[in-house]
Amino acid sequence: MMRMTFAALAIAASTGIALSATGLQAIKERQDLMKADGAATTKMVAMLQGKAPFDLATVQKTLKTYENAASKEPALFPPDSKTGDKTQALPAVWEDDNKADFDARFKKFGADAAAALTTIKDEASFKATMPGVLDSCGGCHEKYKAKQQ
Amino acid sequence: MGARIASAFGLAAVLVAAGAVAAWFATAPRRISAEVAAGVSEPGDPEVGRNVFYIAGCDSCHMSPGQPDPLRLGGGMELKTPFGSFYPPNISPDKKDGIGSWSAADVADAIMAGVSPNGEQLYPALPYTSYCRMSIKDVGDLFAFLRTTPPVTGRAPPNALIFPFSIRRAVGFWKLLYMPRIDHPLAVDPTGEEALGRYLVEGPGHCAQCHSPRDFLGGVIEQRRLTGGLLPDGKGKAPNITAQGLKDWSEDDIVTALSTGFTPSGDALGGPMALEVRSLSHAPAPDLAAIAHYLKTYKAGAAQ
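Protein sequence lines, in the order shown, are assigned to chains Y and E.
Quick note: the first sequence uses the working numbering, first residue 1, plus one each step.
Quick note: the second sequence uses the working numbering, first residue 1, plus one each step.
Check before you lean on any hint, since a few could be wrong.
[Stated by the list, open to error] In silico lysine-lysine, BS3-like type, Cα no more than 30 Å apart, as pairs:
#1 Y:Lys143 <-> Y:Lys35
#2 Y:Lys86 <-> E:Lys80
#3 Y:Lys147 <-> E:Lys247
#4 Y:Lys86 <-> E:Lys299
#5 Y:Lys51 <-> Y:Lys108
#6 Y:Lys64 <-> Y:Lys108
What the hints contain is simulated information worked out from the structure, not anything from laboratory work.
The task is simple: from the sequences and hints, build the whole structure.
What follows is the structure, encoded as structure tokens:
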């Protein structure tokens, strides 16, 4: 009996650890993708402001970074990743009413990035198209992200 | 013995009555002065008023929810706070549901003194503790600009506040504690980058409202002004924006963040700041530069 309890506890403990590890892993993966988006975005902002010269190859690389992140991000917010590792995701992410909206926002971001890959051919089309792609960043963060410390 | 008890009761009744009278007067709404009312009633410049509107971010709270036009000011967006939910009103020029029948002095009473045209206390969810520092010209120009926005019909739901915060008159006590006493507001905006930056941050920009810690009654803790605070809904933080908090940011970084929403690491500002950025992206570049300059020199505990 005693042995069985220990076994049950051991299983529970290991499952618990496994679960939280999945959550922490998801937080790390989504943060890495976001950071990659951010690093790429600083270049886009500088180009939009005229502080860096327009460079089509960099723009295209950025759009692919966005597309990749947008396709992977929705799966990286499992229920066991609500807290931990300094996540700045708000509880609103996991509210039932918001699930469809949350996923749709990533889908739109990815689709906008994919469309911009064909639309953007020069500086003029970049300046006309890129701000619309970037709107998704603040739009989503407004509802789903806030500083926690 | 009976007489003594009766007189004690009598004295107590007199004291309670006197206290009630004193409380009634202490909580009486205090309007703007006749001098300010006359000043804001001069014809304003709506084009300058547009800049004031976007620096103040009126749209962040008053734009009709669920649609993208910042100039549809029908109100009704829910503002969740620890005191309950506020529903900012319709400030479009609609005569029936908005403020189309208000005079410039009525608007100045509301935003500079926190008093409605019918003499009621307004809740400090409208940041009049900052707007009281606005210049008379800015308020007049803002009024002129608000008149150019489209009338929107429909009213916001009534506020749903927790007792005792639901007692409107009690805002008078709150004001005794926290309302700056500005007897003579500036006639026009100050000149010089530092003075202008301070004016924009502490007046129309009302940065301290989110970026400062508050005490249990919701008053800003002055010694820690701008050192960061809880967001109104309590679900996140507004960061420290003093020189110390922004030590890794250049003035240009701040201007870029305020106008594009992106931080130096390419992160997009979130929470209510995303809304503010949508307003500030329309603000004049020199104003944003002045704000950045002021924040980069501001040390916690400096007097206002």
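Item to complete: Any hints from earlier that this structure breaks? Give me their numbers in increasing order, please.
Response: none
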